[in-house]
Amino acid sequence: LLEILGEDTWLPAPQNISMLSTNMKHFLTWNPVIIQGETVRYSVEFQGEYERDYGNESWIPTWECSLITATVCNLTEDISAPVPYNLRVRAHVGLRRSEWGTLKGFFNPLTTSLTPPLMKVIADGYHLLVELEDMGPAFQFCVLYWKKGQESRMQQKVVKEVRSVVHLDIMEPGADYCVKAQTHVEVINRSSSFSQTQCVRTQG
Amino acid sequence: SGELYCSLPNPRNVHFESINMKNILHWSAPEGTGDGVLYKVKYSVYGVGKWIRKPECKNINRTWCDLSNETSDYEEQYYASVKAFLNGMCSDWMETTRFNPLTDTKIDPPMVSVSSTEKSISIILTAPEVWKRSPEGESVSLLQVYPGLQYNVSVLNKKTKKRWFFSISNNTLVVPWLEPGTAYCVSAQIHVTTPLLHSGFSKEYCIATLQDKTADEAIK
Amino acid sequence: GPCRVPMTMTEIRAGFTAIKAKIQARDPIRTLSILSHPHSLHKVKSSDRCCITHHLLNFYVDKVFRHCKTEDSFINRKISSIANSFLSVRRKLEQCREQNKCTCGQESTEKFNQVLANYEGLNVTSAAMKSLGELDILLDWMEKS
Numbered sequence: 001l002l003e004i005l006g007e008d009t010w011l012p013a014p015q016n017i018s019m020l021s022t023n024m025k026h027f028l029t030w031n032p033v034i035i036q037g038e039t040v041r042y043s044v045e046f047q048g049e050y051e052r053d054y055g056n057e058s059w060i061p062t063w064e065c066s067l068i069t070a071t072v073c074n075l076t077e078d079i080s081a082p083v084p085y086n087l088r089v090r091a092h093v094g095l096r097r098s099e100w101g102t103l104k105g106f107f108n109p110l111t112t113s114l115t116p117p118l119m120k121v122i123a124d125g126y127h128l129l130v131e132l133e134d135m136g137p138a139f140q141f142c143v144l145y146w147k148k149g150q151e152s153r154m155q156q157k158v159v160k161e162v163r164s165v166v167h168l169d170i171m172e173p174g175a176d177y178c179v180k181a182q183t184h185v186e187v188i189n190r191s192s193s194f195s196q197t198q199c200v201r202t203q204g
Numbered sequence: 205s206g207e208l209y210c211s212l213p214n215p216r217n218v219h220f221e222s223i224n225m226k227n228i229l230h231w232s233a234p235e236g237t238g239d240g241v242l243y244k245v246k247y248s249v250y251g252v253g254k255w256i257r258k259p260e261c262k263n264i265n266r267t268w269c270d271l272s273n274e275t276s277d278y279e280e281q282y283y284a285s286v287k288a289f290l291n292g293m294c295s296d297w298m299e300t301t302r303f304n305p306l307t308d309t310k311i312d313p314p315m316v317s318v319s320s321t322e323k324s325i326s327i328i329l330t331a332p333e334v335w336k337r338s339p340e341g342e343s344v345s346l347l348q349v350y351p352g353l354q355y356n357v358s359v360l361n362k363k364t365k366k367r368w369f370f371s372i373s374n375n376t377l378v379v380p381w382l383e384p385g386t387a388y389c390v391s392a393q394i395h396v397t398t399p400l401l402h403s404g405f406s407k408e409y410c411i412a413t414l415q416d417k418t419a420d421e422a423i424k
Numbered sequence: 425g426p427c428r429v430p431m432t433m434t435e436i437r438a439g440f441t442a443i444k445a446k447i448q449a450r451d452p453i454r455t456l457s458i459l460s461h462p463h464s465l466h467k468v469k470s471s472d473r474c475c476i477t478h479h480l481l482n483f484y485v486d487k488v489f490r491h492c493k494t495e496d497s498f499i500n501r502k503i504s505s506i507a508n509s510f511l512s513v514r515r516k517l518e519q520c521r522e523q524n525k526c527t528c529g530q531e532s533t534e535k536f537n538q539v540l541a542n543y544e545g546l547n548v549t550s551a552a553m554k555s556l557g558e559l560d561i562l563l564d565w566m567e568k569s
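Chains as they are written, first to last, in this note's numbering: chain A, 1 to 204; chain B, 205 to 424; chain C, 425 to 569.
Since the hints were made in silico from the structure, they are not lab data.
One or more of the hints may lead you astray.
Unchecked claim - Pairwise CB distance ranges (calculated):
id	chain 1	residue 1	chain 2	residue 2	range
1	A	Pro137	B	Leu347	19 to 25 Å
2	A	Glu186	C	Glu518	51 to 57 Å
3	C	His463	A	Ile68	46 to 52 Å
4	A	Ser152	B	Asp277	26 to 32 Å
5	B	Lys365	A	Gly136	50 to 56 Å
6	C	Lys467	A	Thr197	50 to 56 Å
7	B	Phe405	C	Arg450	36 to 42 Å
8	A	Leu67	B	Pro213	40 to 46 Å
9	A	Val93	B	Phe405	37 to 43 Å
10	A	Gly149	B	Ser326	28 to 34 Å
11	B	Val378	A	Pro137	29 to 35 Å
Cβ atoms here follow ideal geometry from the backbone N, Cα and C, with glycine treated the same way.
Work the whole structure out from these sequences, hints included.
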């Protein structure tokens, strides 16, 4: 519901506050507050478990979202620890400020949704290689590969640093090899589901 | 002797430059002083209550001083300080920031040696040695200092221009099933996860796989 | 030691590295250390590691971070990130302690008492800022296998 109000009335707090978190990238969003002929700005603050339990319930202004006009705030840099956070946002018009609108319930980076990595499997001569998407320093990849028909003899390789093309193994001539991969985030000790399986055939 | 009248401008940018734990103190001459400036150096172990003079760097006119020996215990942290003298005047002591040899050193790339057969190349990597007191002194490899040390190896097929990457913990890698008579270029990098440290990639070492003998016999 | 808690210190290390120079510059006392003198953490026996780690995590959470507020909002944010990460690491270690695998011997108690004595030898703000500036000493030791 968009609040469309006259000029001199108090400023309503932002509504419909929600957190969108995918692959350890955390975005807070809210409905815009609209006041005819005015530019409404917003400020976001966060409060971690430490601030609640040891820091007199203090709130900390975010790095990127002080007096912004957008209705989305990237909190990735600020809330990196796997603990429950409170989040709030308020509106500003000139010197006027609204009450705080607070996210319902805590947000914990542990709950981020992890998507399988983009992956491209390459057969280069007798060599099986994989190209993986760089998803940031917090991500490792678990790559499983096997000779088609020999699923029971699946091999695993953990890729900690994404370089363009990572060498997996040698392939027998004229055979099909299949690969699938998942991401793993050590700081929250969780993994994504596996990507689609991709198969390639070696020469010979 | 009483402290000299210290109104000389101070040495600038006093800092450690460390490579493979060879820890050299560097600084820039005081502004506008020209030639003839001499320097004294002292250092201290963080948390220990005294500054220690470095005799080999007393009244020197160069702007560096090797403190590797004095800062070789990488479980400690250090400060160093420099004072300038000219025509009976002196500067204040100018200090470094706190120096942690373990996290503040830069690492050289590994040495790479490559050999080849008809269809494979063999790569042997050697991590640089940590600085040591004397050439006869006992060698300490970076692997001992950073147990989590790994190598990233890049192999470029010069014909197809395709580059592959390998991550290995031990220092040897054999890449089999290659094309005979083809040039491959190898370079390698050291990667430490805790604390996070990277060397640059070494220069490329190129080698060709041998010609395919069976093909040669068929031609004869 | 018995408690090999999978401590991912990468986040903490990154947060500290971002503010290390600024924090250490606020500590003018070269001649005193909270963690490394007179007894070095690196001399702690492996059987005492878990207990000392537990004590030090509590020390930072209870005594250090709360006295490190600065006028620099960037530093405050990084301290918040580090402090909240400490809570997470401490929680993991707590699970291990409950299985009674983290006993405290006399030596580790003495070692930790020395840390407290060093801390209480300074006014609280100086002691907290010095302790925060020594976080790399703690991390170097904790990450040493």
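To see whether the hints hold, each was checked on the structure:
| no. | hint | result |
| --- | --- | --- |
| 1 | Pro137/A to Leu347/B: 19 to 25 Å | holds, 23 Å |
| 2 | Glu186/A to Glu518/C: 51 to 57 Å | violated, 19 Å |
| 3 | His463/C to Ile68/A: 46 to 52 Å | holds, 49 Å |
| 4 | Ser152/A to Asp277/B: 26 to 32 Å | violated, 52 Å |
| 5 | Lys365/B to Gly136/A: 50 to 56 Å | violated, 28 Å |
| 6 | Lys467/C to Thr197/A: 50 to 56 Å | holds, 52 Å |
| 7 | Phe405/B to Arg450/C: 36 to 42 Å | holds, 37 Å |
| 8 | Leu67/A to Pro213/B: 40 to 46 Å | holds, 43 Å |
| 9 | Val93/A to Phe405/B: 37 to 43 Å | violated, 54 Å |
| 10 | Gly149/A to Ser326/B: 28 to 34 Å | holds, 32 Å |
| 11 | Val378/B to Pro137/A: 29 to 35 Å | holds, 30 Å |
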